[in-house]
Structures are given as structure tokens and as C-alpha cells.
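Peer 1: Put together the whole structure using the sequences plus the hints.
Per the numbering used here, the very first residue in the sequence shown carries number 1; after that it's consecutive.
Calculated from the structure, these hints are not laboratory results. Small disclaimer: the values here were computed from a predicted structure and weren't measured. Just so you know, not all the hints are guaranteed correct.
[What the hints assert, rightly or not] Quick list of in silico lysine-lysine cross-link-like pairs, DSSO-like style, CA-CA up to 27 Å: (1) 68 with 9; (2) 47 with 68; (3) 48 with 68.
[Stated by the list, open to error] Pairwise CB distance ranges, derived in the manner of DEER restraints: (4) 47 with 5: 21 to 27 Å; (5) 19 with 71: 31 to 37 Å; (6) 62 with 13: 27 to 33 Å; (7) 66 with 36: 15 to 21 Å; (8) 72 with 15: 19 to 25 Å; (9) 14 with 55: 35 to 41 Å; (10) 47 with 4: 27 to 33 Å; (11) 71 with 13: 21 to 27 Å; (12) 17 with 51: 40 to 46 Å; (13) 48 with 72: 17 to 23 Å.
Cβ coordinates follow ideal geometry from the N, Cα and C atoms, glycine included.
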Amino acid sequence: MTDLSPAQKALAVFNERYELCGPFDDDWAEQCLAVALEAVADQVVPKKWPTIEDYNEYEQGVAAAHIKCRNQLLAIANELRGDTTSNAH
Numbered sequence: 001m002t003d004l005s006p007a008q009k010a011l012a013v014f015n016e017r018y019e020l021c022g023p024f025d026d027d028w029a030e031q032c033l034a035v036a037l038e039a040v041a042d043q044v045v046p047k048k049w050p051t052i053e054d055y056n057e058y059e060q061g062v063a064a065a066h067i068k069c070r071n072q073l074l075a076i077a078n079e080l081r082g083d084t085t086s087n088a089h
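Peer 2: This is how it looks when you write it as C-alpha cells:
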């Protein structure tokens, strides 16, 4: 499983559990994971982040790291949905 993307790893683990639960729509796992990751991303950084120009250098670095984390989470959610063209939801 080391050659898989983060989305593929999450889906593999999720699918293992799915086998125990029963039949659902084919892409239900991907959709559930995508929504959960979007909710996590919203907790890391709100959708509307305040402008960071007034922050000191340290605060700007922290904000940039949070924004990068949010974008990475949203990219995984988009991959699960089959959309690799955007980071927005």
C-alpha cells in the first residue's frame, strides 16, 4: 500500500470495512470520504481566511502552512470525486 496516494490508501482501508456492511451505491465511500475531508479542511482553515498582510512574519508562515494543509486535504477530496482540476469545493 506504500505506492498509493493518500486518497487511494484511505479508500483501501474504507473498502475493507465496507465489505462488512453490505451493498451501497458504487461510489458512496468516495463521496463520504470527500465530504469528511472537506469538513476537516474547513476546521484547519476557514473558507474565507482573513488577509494576512497585516500579520508578522511568523503569523504569515503559520497561515501559509494552514492554507497549504487545507489545499492538500481538498486535493485529496477532489481526487476521491474524480476531479483533479481544482482545489475548491
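Peer 1: Taking the hints in turn, state whether each one holds.
Peer 2: Now the hints, each set against the structure:
| no. | hint | result |
| --- | --- | --- |
| 1 | 68 with 9 | holds (20 Å) |
| 2 | 47 with 68 | holds (13 Å) |
| 3 | 48 with 68 | holds (14 Å) |
| 4 | 47 with 5: 21 to 27 Å | holds (24 Å) |
| 5 | 19 with 71: 31 to 37 Å | holds (32 Å) |
| 6 | 62 with 13: 27 to 33 Å | holds (30 Å) |
| 7 | 66 with 36: 15 to 21 Å | holds (18 Å) |
| 8 | 72 with 15: 19 to 25 Å | holds (22 Å) |
| 9 | 14 with 55: 35 to 41 Å | holds (38 Å) |
| 10 | 47 with 4: 27 to 33 Å | holds (29 Å) |
| 11 | 71 with 13: 21 to 27 Å | holds (23 Å) |
| 12 | 17 with 51: 40 to 46 Å | holds (42 Å) |
| 13 | 48 with 72: 17 to 23 Å | holds (19 Å) |
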